[in-house]
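S.K.: Take a look at the letters that make up each chain.
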Amino acid sequence: MKRVDLILSERELDAVLKAVDAAGAPGYSVIKHVTGKGPHGWVSDAMDFSGLGANAHVIVFCEAGILPKLREGIQPLLDYYGGVAYVADAEPL
Amino acid sequence: MKRVDLILSERELDAVLKAVDAAGAPGYSVIKHVTGKGPHGWVSDAMDFSGLGANAHVIVFCEAGILPKLREGIQPLLDYYGGVAYVADAEPL
Amino acid sequence: MKRVDLILSERELDAVLKAVDAAGAPGYSVIKHVTGKGPHGWVSDAMDFSGLGANAHVIVFCEAGILPKLREGIQPLLDYYGGVAYVADAEPL
Amino acid sequence: MDSSLILQNLLSPPVLFFFLGVIAVLVGSDLEIPSPLPKLFSLYLLLAIGFKGGLELQHSGLGGQVLPTIGAAVAMSLVVPLYSFLVLKTRFDGFNAAAIAATYGSISAVTFITAESFLETQKLPFDGFMVAALALMESPAIIVGLLLVTLAAPQKRPGAAGMRWGAVLREACLNSSVFLLVGSLVIGLLVAAYSPAGIVKMEPFSDKLFYGALSFFLLDMGIVAAQRIRDLRQAGAFLIAFSVLMPLFNALVGVLLARGLGLGPGNALLFVVLCASASYIAVPAAMRMTVPEANPSLYISSALGVTFPFNIIVGIPLYMVLVNAVLPAAP
Amino acid sequence: MDSSLILQNLLSPPVLFFFLGVIAVLVGSDLEIPSPLPKLFSLYLLLAIGFKGGLELQHSGLGGQVLPTIGAAVAMSLVVPLYSFLVLKTRFDGFNAAAIAATYGSISAVTFITAESFLETQKLPFDGFMVAALALMESPAIIVGLLLVTLAAPQKRPGAAGMRWGAVLREACLNSSVFLLVGSLVIGLLVAAYSPAGIVKMEPFSDKLFYGALSFFLLDMGIVAAQRIRDLRQAGAFLIAFSVLMPLFNALVGVLLARGLGLGPGNALLFVVLCASASYIAVPAAMRMTVPEANPSLYISSALGVTFPFNIIVGIPLYMVLVNAVLPAAP
Amino acid sequence: MDSSLILQNLLSPPVLFFFLGVIAVLVGSDLEIPSPLPKLFSLYLLLAIGFKGGLELQHSGLGGQVLPTIGAAVAMSLVVPLYSFLVLKTRFDGFNAAAIAATYGSISAVTFITAESFLETQKLPFDGFMVAALALMESPAIIVGLLLVTLAAPQKRPGAAGMRWGAVLREACLNSSVFLLVGSLVIGLLVAAYSPAGIVKMEPFSDKLFYGALSFFLLDMGIVAAQRIRDLRQAGAFLIAFSVLMPLFNALVGVLLARGLGLGPGNALLFVVLCASASYIAVPAAMRMTVPEANPSLYISSALGVTFPFNIIVGIPLYMVLVNAVLPAAP
Ligand SMILES: Nc1ncnc2c1ncn2[C@@H]1O[C@H](COP(=O)(O)O)[C@@H](O)[C@H]1O
Ligand SMILES: Nc1ncnc2c1ncn2[C@@H]1O[C@H](COP(=O)(O)O)[C@@H](O)[C@H]1O
Ligand SMILES: Nc1ncnc2c1ncn2[C@@H]1O[C@H](COP(=O)(O)O)[C@@H](O)[C@H]1O
Ligand code: NA
Ligand code: NA
Ligand code: NA
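Going down the list, the protein sequences come from chains A, B, C, D, E and F. Reading the first sequence from the start, the letters are residues 1 to 93 in my numbering. Reading the second sequence from the start, the letters are residues 1001 to 1093 in my numbering. Reading the third sequence from the start, the letters are residues 2001 to 2093 in my numbering. Reading the fourth sequence from the start, the letters are residues 3001 to 3331 in my numbering. Reading the fifth sequence from the start, the letters are residues 4001 to 4331 in my numbering. Reading the sixth sequence from the start, the letters are residues 5001 to 5331 in my numbering.
Worth flagging that the hints you see were computed from the coordinates, not collected in a lab. Certain hints may be false.
Covered stretches of chain E, as calculated for chain D (at least 3 residues, CB under 8 angstroms) [to be verified]:
| # | stretch |
| --- | --- |
| 1 | 4039-4052 |
| 2 | 4078-4087 |
| 3 | 4198-4208 |
Cross-link-like lysine to any residue pairs, in silico, SDA-like; alpha carbons within 20 angstroms at most [to be verified]:
| # | chain 1 | residue 1 | chain 2 | residue 2 |
| --- | --- | --- | --- | --- |
| 4 | F | 5208 | D | 3207 |
| 5 | C | 2037 | F | 5227 |
| 6 | C | 2032 | C | 2086 |
| 7 | A | 2 | C | 2086 |
| 8 | E | 4123 | E | 4010 |
| 9 | C | 2032 | F | 5034 |
| 10 | A | 2 | B | 1039 |
| 11 | B | 1032 | C | 2066 |
| 12 | C | 2018 | B | 1093 |
| 13 | B | 1037 | A | 42 |
| 14 | F | 5208 | E | 4203 |
| 15 | E | 4039 | A | 35 |
| 16 | A | 18 | C | 2093 |
| 17 | A | 37 | C | 2023 |
| 18 | D | 3208 | E | 4203 |
| 19 | A | 18 | E | 4167 |
| 20 | C | 2032 | B | 1027 |
| 21 | C | 2069 | B | 1092 |
| 22 | B | 1037 | A | 17 |
| 23 | B | 1037 | A | 92 |
| 24 | B | 1018 | C | 2044 |
| 25 | C | 2032 | A | 42 |
| 26 | C | 2069 | B | 1093 |
| 27 | D | 3208 | E | 4207 |
| 28 | D | 3039 | F | 5030 |
| 29 | B | 1037 | A | 73 |
| 30 | B | 1032 | D | 3039 |
| 31 | B | 1002 | C | 2001 |
This structure is a prediction, so every number in the text was calculated from the model and none was measured. From the three backbone atoms N, C-alpha and C, an ideal C-beta is built for every residue, glycine too.
Starting from the given sequences, assemble the full structure and let the hints guide the process.
M.R.: Structure follows, in structure tokens:
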């Protein structure tokens, strides 16, 4: 099994989750209010009141087989809006 | 060393943490207000006001040796109430 | 690529992030309001109103090459104030 | 008079803000009241309603209609789940039938509060002991629900290790909303009796702010209820019909009881609302923990997505009409 | 009179709490108002200002100056981005120029609210329809901004798959602040017309608490604005100058329009403030989603780090002086 | 009179809600006030108490008893940690002794506020300058605590790279609670002097709401304090005894000083409460950062789990009795 970690702006979360669903992942978990720093600079939650939001962290445990479809759906979003996506191995407890 | 990720309903958090402790883990970390989707459907935090709560994400760094006891304590809870548990390798920095 | 997970008190977060930056990491993500248990006992968010805060979880995706510098900057902080740091493998999606 | 009552209710701030929340979801606005702000308002409303109820209960005492009314309310919270279960069992398994039944035996504090606000604009008096009835109807319904589960499906539950009854009873009687409501009621009682200076000093917080805070909270309830509409497809026509017809039936039973108890129109309306409303705060949380086999989207959607809006929008004025029709005319 | 007006404004609680927030950041205090508490106050302020505006609009009706004023306000929100864009295009690429331009065409509800509080302490009347103008200036500016992007840089956008116009329009017209403001305005209108009992009951929440809640929120705005000061170095002298001079220019245009519309001094000040203020709530959120190529720290820092403090601290009393100078003396 | 004062205090809404929170933990209810809602109330209480203190300070000026009283308060915050340290050092290492000592030299704003509410129900006047004393007692105690650490255990600290004194002083003097309290006090002063219109407009927020918000916050404090009870076993009998006896001793010193200063009974009670209370807001946060070697559960549990409840429940009326006994009878 694989573990995929996606970190991206809360504004694009819906689109990314749609792509995760479409790729056939059996489930996912979402942590909001994540702050951070990346190539596009610093993201804080100080502007939260404005609806601008901070980042979200999405965790997906899935079979290696769906990774290509996941990549296909998510990579364009990350390229355009920013964010990172990493894969690692994980086994059911 | 191993890294264990547990994602489950906040309502069952106390029971799961008790099992983690009982298994002899040296520590754990808990993130609440996690939303997500799994075999039992979508979990949001919109009902938070009712005490229904969302999901919690528990991270445990521990020796491989305690995994069997961890599995034994946690698997029945996940089977009955829902939730996922995955293991991966991790080394101290 | 490597994935580094740091869990430590919110009070020391600024110093740790400075060390992460100084080590040349390309970015990082921070989750606050993490509770947990470790060698120093239980950390809850019940004292949040007092500015005491809970723990923070920092995730860094970076090249293996910067690990030594990261270790050098962070280990003294964790030794003095408490907290854990683990490394695992991760590949871009 | 009927349609004017409905219109007056529809055009009151709390109900209009409820609509605004519903519309936000329907048109796809990103309006949301992020967690834990709704919790702030729900804690506040429970504290304030309990405190005010306690103040009034101290004045009215426990004589007269008080104990019979509370007894009748508790009886309803025990009986409604039983006949609801029989109806629901025709379509659902024992777990879901019991969970939904418990939901309808219990009450919705927000519906009750909205009914109080409605009575205030109608200048109809009501008594503090009705809050005691409210507080005492939640736990029995939860316990009946769990008894129904053990009766209907005892053998199929490998995970429920001996049905930890201690935990179950604690959840039923000490869950945060029951606890805060009862606790604030007792505090109100004590303050009214022993430190009247505290009454005036609490008033701007617990009384003056109340209506606005209710309106704000109903904005969120509108959003949350409308988000449940999607789940209703899964629930099916039978459950949707149940969620409207069962409250109407319970209201009918309630109004007859209110007449028998000799309640005035204000208390009678509140009594009917207690019978007709369904819990979406304490009961779902208790059922999620104690009957994980039941599908939460069924019992939450029916109580929050159908019964609650129905009661808030047309139920309350409708029950008022009913009360006026059934109760003997005032002398 | 001039300097006394500025001093009076400087020493009012809301502005002083704004300063306190700024100082907290400058001296390195760890004072912060954690998320989502600022959201609670911003939701509250929008709800309350909309509701009060609706109540007043019901009394004034849509006759007289109402429609021309609203029309002029909307026209300003369409025109300001156009000439702002031309100025900004001399230094920034099309994406950044368009995003900043939209920001200045739109409005800052908090600046407007602070101006209302200023008028109240000056005992100058103003009308509810100005809130309608406020509500209607946000969306057009966003749409003009996006048109400018497509005109200025249509070919360079591989990622903007066909510029999902549906999503863009929804974001422009139904984003949470516009939606809540317009919704509360309509609710205020309906309540004033049909259930006047609700007005008095809402008052402690929507009216009495308003000034204190504004002060508390401005404490946070001071913190957030001061945190932006660091970004200003990145923004550069040109953008800083723009963030002060463009509001002044828009204020001049605004005061002439106000004279032409025959507005009284209270409404005229609010009109000028609408023209002179820049959005840091709805527009950044919309731009982040629809023009990710633009750098948020540019448009947020200029609107929130420069223009907003400028307007709050010296702008409002300055515009009052301007209004008094340009408007014909009252008969 | 004694027991009636204690009863009146016990049965006031703030203390009853504190009890309710304690009971919630003891019986195992899941009642909780989720983060960051308690922060909202603590920020609000500090802002409101500072603002009101500033308004009153402007009227009383800095003459008469003001400066001597403030001086005596600051002196107590310097001296109390010293003798506390000597007592604590008999059982604890230097780090823990210093951290606990600093805690008792500093003050508890919530205890002070509860004492003010108690005085109001007793119709006893008190002055705004006591809030200035409150604000100025926090930082010295922190600094003395850190000096004690460096004196008692300088060589054992490999991690404390040169005791970053800059950071330590900033934490001591600019931590959010001291900063907000002092800032709001100054704002109150300025508003009272220069924009009296602002006083009336702030009142519903900063004054009327105060008592209810205090009650709500004490509900949470009851929960948090009761959760600390478990830690007390770890703390041991010596520390528990210290947490009751040291406040009593400090109260004795305080009442004699109050007599010497010629304070009236209201101010005297507040002075005694400042001496007798222990910090669980600013000091723990500062100690966690600057003396990580000390065990937080020791200094937090003693201040929050023992001294705070003791003061709130029996301390305040007891100190009132003491004040009445020691102060010369009013002419
Ligand atoms: N190397 C990294 N490690 C961890 N998180 C990262 C990294 N790079 C970016 N992020 C996260 O992804 C968010 C969006 O990144 P970006 O828009 O590409 O700057 C950042 O705000 C961080 O929260
Ligand atoms: N494949 C998955 N990847 C990540 N999180 C998951 C996955 N499956 C389930 N979860 C999380 O576990 C929670 C409970 O799952 P369940 O009750 O089994 O549907 C979900 O709400 C998700 O937050
Ligand atoms: N073995 C572990 N697994 C996961 N998290 C841990 C572990 N040990 C410590 N932590 C986290 O690190 C925090 C600080 O640890 P410490 O101060 O060393 O007790 C704890 O409160 C936990 O959140
Ligand atoms: Na019912
Ligand atoms: Na503008
Ligand atoms: Na003290």
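S.K.: Each of the hints needs a verdict: does it hold here or not?
M.R.: Here is what the structure says about each hint:
With 6 residues bearing a CB less than 8 angstroms from a CB of chain D, the stretch 4039-4052 of chain E meets the requirement of three and the coverage assertion stands. Requiring three or more residues with a Cβ within less than 8 angstroms of a Cβ of chain D, the coverage given for the stretch 4078-4087 of chain E is violated, as only 0 such residues are present. Residues of the stretch 4198-4208 of chain E lying with their CB closer than 8 angstroms to a CB of chain D number 7, which satisfies the three-residue condition for coverage. For the given pair, residue 5208 of chain F sits about 12 angstroms from residue 3207 of chain D by alpha-carbon distance, which is consistent with the 20 angstroms threshold.
For a cut-off of 20 angstroms, the pair hint linking residue 2037 of chain C to residue 5227 of chain F stands: about 16 angstroms separates their Cα positions. Of the supplied pair hints, the one linking residue 2032 of chain C and residue 2086 of chain C holds, its CA atoms being roughly 18 angstroms apart against a limit of 20 angstroms. Under the criterion of a C-alpha separation no larger than 20 angstroms, the hint pairing residue 2 of chain A with residue 2086 of chain C is consistent with the structure, at around 19 angstroms. Under the criterion of a C-alpha separation no larger than 20 angstroms, the hint pairing residue 4123 of chain E with residue 4010 of chain E is consistent with the structure, at around 17 angstroms.
Proposed proximity of residue 2032 of chain C and residue 5034 of chain F is supported: the alpha carbons are some 15 angstroms apart, at most 20 angstroms. The straight-line distance between the Cα atoms of residue 2 of chain A and residue 1039 of chain B is roughly 18 angstroms, inside the 20 angstroms bound, and the hint therefore holds. Restraint check for residue 1032 of chain B and residue 2066 of chain C: not satisfied, since their Cα atoms lie roughly 31 angstroms apart, outside the 20 angstroms limit. Our distance criterion of 20 angstroms between C-alpha atoms is met by residue 2018 of chain C and residue 1093 of chain B, whose separation comes to about 17 angstroms.
Under the criterion of a C-alpha separation no larger than 20 angstroms, the hint pairing residue 1037 of chain B with residue 42 of chain A is inconsistent with the structure, at around 29 angstroms. This hinted pair checks out: residue 5208 of chain F and residue 4203 of chain E have alpha carbons roughly 14 angstroms apart, not beyond 20 angstroms. Restraint check for residue 4039 of chain E and residue 35 of chain A: the C-alpha separation of about 17 angstroms stays at or below 20 angstroms, so the hint holds. Restraint check for residue 18 of chain A and residue 2093 of chain C: satisfied, since their Cα atoms lie roughly 17 angstroms apart, inside the 20 angstroms limit.
Pair hint residue 37 of chain A plus residue 2023 of chain C holds up; C-alpha atoms about 14 angstroms apart against a cutoff of 20 angstroms. Of the pairs offered as hints, the one joining residue 3208 of chain D and residue 4203 of chain E holds, with about 9 angstroms between alpha carbons and a cut-off of 20 angstroms not exceeded. Between the alpha carbons of residue 18 of chain A and residue 4167 of chain E the distance comes to roughly 15 angstroms, so the proposed pair stays at or under 20 angstroms and holds. Straight-line distance between C-alpha atoms of residue 2032 of chain C and residue 1027 of chain B comes to about 18 angstroms, which keeps the hinted pair within the 20 angstroms bound.
A hinted pair counts as satisfied when its Cα atoms are at most 20 angstroms apart, and residue 2069 of chain C with residue 1092 of chain B qualifies at roughly 15 angstroms. Only pairs whose Cα atoms come within 20 angstroms are accepted, and residue 1037 of chain B paired with residue 17 of chain A is accepted, the gap being roughly 10 angstroms. At roughly 17 angstroms between alpha-carbon atoms, residue 1037 of chain B and residue 92 of chain A fall within 20 angstroms of each other, so this suggested pair holds. Distance hint between residue 1018 of chain B and residue 2044 of chain C is fulfilled; the C-alpha atoms sit about 16 angstroms from each other, no more than 20 angstroms.
Note on residue 2032 of chain C and residue 42 of chain A: the hinted pairing holds, with a Cα-Cα distance of about 16 angstroms set against a maximum of 20 angstroms. Among the hinted pairs, residue 2069 of chain C with residue 1093 of chain B is consistent with the structure: their alpha-carbon atoms are about 11 angstroms apart, no more than 20 angstroms. Proximity of residue 3208 of chain D to residue 4207 of chain E is assessed by CA-CA distance (about 12 angstroms); at most 20 angstroms being required, the pair is judged to hold. For the hint linking residue 3039 of chain D to residue 5030 of chain F, the alpha-carbon distance of about 13 angstroms falls within 20 angstroms, and the restraint holds.
Between residue 1037 of chain B and residue 73 of chain A, the direct Cα distance comes to roughly 18 angstroms. Compliance with the 20 angstroms bound is thereby established for this hinted pair. Simply put, residue 1032 of chain B and residue 3039 of chain D have alpha-carbon atoms about 15 angstroms apart, close enough for the 20 angstroms limit, and the pair holds. For a cut-off of 20 angstroms, the pair hint linking residue 1002 of chain B to residue 2001 of chain C stands: about 18 angstroms separates their Cα positions.
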